[in-house]
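Put together the whole structure using the sequences plus the hints.
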Amino acid sequence: MSEFVIQIENLTKTYRTGLRRSHVFAVRNLSLSVKKGSIVAFVGPNGAGKTTTIHSLLGFLKPDKGSIKLFGQPTGSASLRRRVGYQCEIFHTYPFYTGTQALTYYGRLAGVSKDVLSRSVPLQLERMGLTAAANRKASGFSKGMTQRLGLAQALLHEPELLILDEPTSGLDPEGRRLVLEIIREEKAKGKTIFLSSHILADVERTCDEVVMVRQGEVAFADQVSSFSNVSEEWEIEVSGFSTAIRDVLGSRCSVVSESGDTAVLMCTSEDKRELLKALLSQPVDIGGMKRRRTGSLEDAYMKHVGRA
Amino acid sequence: MEQILLVFKNAFRGILFARSMYLWIIAILIVGLQLAPQIIFRDNAPNIAAFGQRQRPAPPGMTEEQQKQYQQIQELQRKQFELQAQQVQEQFKRNRPRAFANGLSTWTTLSIFFGILLGANVLATEVSAKTIITVLARPISRWELLLGKWLAIQLFGVMSLAVGVAIQFAAGQYLGFHFSSLLWLALLHAMVAIMLYSAIALALATIGGWMVAAGISFVMYFIPDFVTFLKGETIPWRHVLGVGLNWIVPPGFKSIFVNSVDATMALDRSALSKTLLENALYCAIFFVLGCIVFSRREVRLG
Numbered sequence: 000m001s002e003f004v005i006q007i008e009n010l011t012k013t014y015r016t017g018l019r020r021s022h023v024f025a026v027r028n029l030s031l032s033v034k035k036g037s038i039v040a041f042v043g044p045n046g047a048g049k050t051t052t053i054h055s056l057l058g059f060l061k062p063d064k065g066s067i068k069l070f071g072q073p074t075g076s077a078s079l080r081r082r083v084g085y086q087c088e089i090f091h092t093y094p095f096y097t098g099t100q101a102l103t104y105y106g107r108l109a110g111v112s113k114d115v116l117s118r119s120v121p122l123q124l125e126r127m128g129l130t131a132a133a134n135r136k137a138s139g140f141s142k143g144m145t146q147r148l149g150l151a152q153a154l155l156h157e158p159e160l161l162i163l164d165e166p167t168s169g170l171d172p173e174g175r176r177l178v179l180e181i182i183r184e185e186k187a188k189g190k191t192i193f194l195s196s197h198i199l200a201d202v203e204r205t206c207d208e209v210v211m212v213r214q215g216e217v218a219f220a221d222q223v224s225s226f227s228n229v230s231e232e233w234e235i236e237v238s239g240f241s242t243a244i245r246d247v248l249g250s251r252c253s254v255v256s257e258s259g260d261t262a263v264l265m266c267t268s269e270d271k272r273e274l275l276k277a278l279l280s281q282p283v284d285i286g287g288m289k290r291r292r293t294g295s296l297e298d299a300y301m302k303h304v305g306r307a
Numbered sequence: 000m001e002q003i004l005l006v007f008k009n010a011f012r013g014i015l016f017a018r019s020m021y022l023w024i025i026a027i028l029i030v031g032l033q034l035a036p037q038i039i040f041r042d043n044a045p046n047i048a049a050f051g052q053r054q055r056p057a058p059p060g061m062t063e064e065q066q067k068q069y070q071q072i073q074e075l076q077r078k079q080f081e082l083q084a085q086q087v088q089e090q091f092k093r094n095r096p097r098a099f100a101n102g103l104s105t106w107t108t109l110s111i112f113f114g115i116l117l118g119a120n121v122l123a124t125e126v127s128a129k130t131i132i133t134v135l136a137r138p139i140s141r142w143e144l145l146l147g148k149w150l151a152i153q154l155f156g157v158m159s160l161a162v163g164v165a166i167q168f169a170a171g172q173y174l175g176f177h178f179s180s181l182l183w184l185a186l187l188h189a190m191v192a193i194m195l196y197s198a199i200a201l202a203l204a205t206i207g208g209w210m211v212a213a214g215i216s217f218v219m220y221f222i223p224d225f226v227t228f229l230k231g232e233t234i235p236w237r238h239v240l241g242v243g244l245n246w247i248v249p250p251g252f253k254s255i256f257v258n259s260v261d262a263t264m265a266l267d268r269s270a271l272s273k274t275l276l277e278n279a280l281y282c283a284i285f286f287v288l289g290c291i292v293f294s295r296r297e298v299r300l301g
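Residue numbers (numbering that gives the first Met the number 0), protein chains in the order written: chain A, 0 to 307; chain B, 0 to 301.
Please keep in mind that the hints were generated in silico from the structure rather than gathered at the bench.
Among the clues, some could well be false.
[As the list claims (entries may be wrong)] Dumping the calculated DSBU-like pairs for lysine-lysine here, alpha-carbon to alpha-carbon at most 35 Å:
| no. | chain 1 | residue 1 | chain 2 | residue 2 |
| --- | --- | --- | --- | --- |
| 1 | A | K186 | A | K68 |
| 2 | A | K113 | A | K64 |
| 3 | A | K34 | B | K129 |
| 4 | B | K92 | A | K68 |
| 5 | A | K113 | B | K8 |
| 6 | A | K113 | B | K129 |
| 7 | B | K67 | A | K186 |
| 8 | A | K113 | A | K68 |
| 9 | B | K129 | A | K64 |
| 10 | B | K129 | A | K35 |
| 11 | A | K142 | B | K129 |
| 12 | A | K68 | B | K129 |
| 13 | A | K271 | A | K35 |
| 14 | A | K136 | B | K129 |
| 15 | A | K61 | B | K230 |
| 16 | A | K271 | A | K289 |
| 17 | B | K8 | A | K136 |
| 18 | B | K8 | A | K61 |
| 19 | A | K188 | B | K78 |
| 20 | B | K8 | A | K142 |
[Claimed, not checked] With the Cβ distance kept under 8 Å, some of the chain B side facing chain A (calculated, not the full set):
| no. | residue |
| --- | --- |
| 21 | N9 |
| 22 | F16 |
| 23 | T130 |
| 24 | A136 |
| 25 | A262 |
| 26 | A265 |
Just so you know, even glycine gets a beta-carbon here, dropped at the ideal spot from N, CA and C.
This is how it looks when you write it as structure tokens:
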């Protein structure tokens, strides 16, 4: 069995727009793969091709070029969809259903028996904090409640793969926290999660890998853990810094930034002790010192995807 | 099968939620206007003889003999008018069952129109409300989705016909006439017509917008007679057009409700059976085409 749950190779999808029906690339030669049991974030600005990719994954859209495989098989069959739970960006349900009825309907459509649903629906509603609204019409739900109901329907049939399109959009901080906790719980159960998001803090907190897209192409992909890594380099903030002191310190450090008589010095772990000794013998104040970070997810986003 | 049943229940609930039953109020108003004279003049048919009752005085300057002749002529005219009025009254009462049968035809036509509107709308509503995306992400085939929705329209169609028949039956009891067993055959034709035109509208809605789908379906409903006319034309291009259209356009709804109240009306049963079968066949063809198109098309949400 393939270790990859999602395999997309050279996916290209165009739309025709305008009077001249000219082609506009929504996704261009996009390739990515998602390992079993991982949480992969799909990040990019609006119009980058995230939803087009997700809809192609689910078989709603037909690619112009490239191949998409779910669980090692070409996408589109009903048996594959049984193994997938999907929450769309803004969940829309039937206004005449209550929370319980909506979940029962989606659960039954996914092939879950009535008996199982009679137990799992109240559990999912409780998990999403929607027990009090279980018998209220979904048309009266707030945006956050509707989103949580959308996540509940995606989880009902215990799918192996969860595809979540902006799962935390429209949620208040409490709801956001709840949803992120649920995502982590699902990962702990061994599920694979592929989610798109704009909120980089959520990605840093929950995901294993990040794939950044820009104008339909993969701009950057890496492990999220690489952004939380700290290097072997140290940064020391010094007040009362002068050219004379710089000469004394010699090659033991480099100056990262200098503003007035305050400077940030950078050195390796090996040189740190010697540098501190040298600094303490000089008329300077040491404001603080910390390990240097290799860069944040936001930095990477701005570098590879941002407009700047 | 279970998936189809689930979609069927969901779609029927959606139809009721959209207050489609208000359509019946419109139908009741239309048929009510059509049958109002028969209901208003239940016991005494309109007595037009009253218009001839007024005696006009003889014009001045007539001799006594002339006045006598004038009165005789007037009396003769009055009697003639009374006779005519009596004939009109009898014909009015005789035509009462036919009028109600025609009312049932009108009701059926409106039920077919409701079927067209629902067929064109039922899928478009799911797409515009974006509820379709979560449904299609489930292990359900698109033909199952279409079939469930189409069946829900049929249930609404059956209910529409039942309401119409109940109203006409009640009126029949009130006015003292009965439908023969041919009513069931007439209702079967009506039901097949609802199935056919809702299938056409649903199939067309898988390609384009609901208004285009409904519009083309209405055209398909109205043109069978025109197609027959074109087929009989001697001008080659008209004849060819008629023959070509004859392949695309189903025979359509043939009302035989009048036959169920008037045994003297001629009824070609073999032609009727052929029409019924052809309508059923066209219904199946359009539905299958709709399923094929819907299964192959992309689902794009604005």
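Do the hints match the structure? See the list:
1. A:K186 with A:K68: This hinted pair holds, its Cα atoms lying about 21 Å apart.
2. A:K113 with A:K64: violated, 41 Å
3. A:K34 with B:K129: holds, 30 Å
4. B:K92 with A:K68: violated, 74 Å
5. A:K113 with B:K8: The hint holds at about 15 Å.
6. A:K113 with B:K129: With Cα atoms ~26 Å apart, A:K113 and B:K129 stay inside 35 Å; holds.
7. B:K67 with A:K186: violated, 113 Å
8. A:K113 with A:K68: holds, 31 Å
9. B:K129 with A:K64: holds, 26 Å
10. B:K129 with A:K35: Measuring from Cα to Cα gives roughly 30 Å; hence the hint holds.
11. A:K142 with B:K129: Roughly 15 Å separates the two Cα atoms, so the pair holds.
12. A:K68 with B:K129: Holds. A:K68 to B:K129 sits at ~25 Å (cutoff 35 Å).
13. A:K271 with A:K35: violated, 42 Å
14. A:K136 with B:K129: The hint holds at about 18 Å.
15. A:K61 with B:K230: violated, 43 Å
16. A:K271 with A:K289: Holds - the C-alpha atoms of A:K289 and A:K271 are around 11 Å apart, at most 35 Å.
17. B:K8 with A:K136: Holds, at roughly 17 Å.
18. B:K8 with A:K61: holds, 30 Å
19. A:K188 with B:K78: Violated. A:K188 to B:K78 sits at ~99 Å, over the 35 Å cutoff.
20. B:K8 with A:K142: holds, 26 Å
21. N9: Check passed: Cβ of B:N9 comes within 6 Å of chain A, closer than 8 Å.
22. F16: Holds, because the Cβ-Cβ distance from B:F16 to chain A comes to roughly 4 Å (cut-off 8 Å).
23. T130: holds, 5 Å
24. A136: holds, 4 Å
25. A262: violated, 47 Å
26. A265: Interface hint status for B:A265: violated (49 Å vs cutoff 8 Å).
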